[in-house]
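Go by the hints and put chain B onto chain A.
Number of protein chains: 2
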Amino acid sequence: MGLLDYFRSNQPKSSANVAKERLQILVAHDRATRGQPSYLPQLQQEILAVIRKYVDVDLDAVSVNYEQEDSREILELNIVLPDVPSAPRI
Amino acid sequence: MGLLDYFRSNQPKSSANVAKERLQILVAHDRATRGQPSYLPQLQQEILAVIRKYVDVDLDAVSVNYEQEDSREILELNIVLPDVPSAPRI
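Protein chains in written order, with the numbering used here: chain A, 1 to 90; chain B, 1 to 90.
Heads up, a few of these hints could be off.
Stated by the list, open to error - Below, in silico cross-link-like pairs of lysine to any residue (SDA-like), each with a Cα-Cα straight-line distance of 25 Å or less: (1) A/K53 <-> A/L77; (2) B/K53 <-> A/A32; (3) A/K20 <-> B/S71; (4) B/K20 <-> B/D56; (5) A/K20 <-> B/K20; (6) A/K53 <-> A/L40; (7) A/K53 <-> B/L48.
What the hints contain is simulated information worked out from the structure, not anything from laboratory work.
No experiment lies behind these values; they were computed from the predicted model shown.
Okay, chain A solo, but in the shape it has when bound (with noise of 0.2 Å):
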């Protein structure tokens, strides 16, 4: 709940401007104990992979950030997507 929260208080509701085609995600892992492989950056390769399924985005697009910190990692992955056709070719 906090993040729709957070989703609602930064971004601008008016994007229709900006008109970019854009996809966040967002996975953040709580680790109950410490020194154990993350397994994140191998669920980044298949979150691409399923993604890449639904649009056909290129890998030079997508963005990716990852941190770890005590417990916790978070992977960031920012994808600017290819702009669509308003209206289907004829």
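Chain B in isolation, oriented as in the chain A frame:
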């Protein structure tokens, strides 16, 4: 970057006392054009399938929020992971 700041400010750093393994996934989609069918519900199923390759998570442990407003959709998955032993069983 903003999302990372959000996580840092809102989450207690000393989550060791909670000791729960948690995974939170957030997908935000800004659409350039309205009226397109959403693929996020299908994407949700596939992301969950990917996660279940890494962790043995019961679907009962997944709570889902989906919101749509104007050209923005937000899908939020909150997953409580099963307790893991701190040392391998021999």
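Q. Does the structure break any of the earlier hints, and which numbers would those be?
A. Failing hint: just 5.
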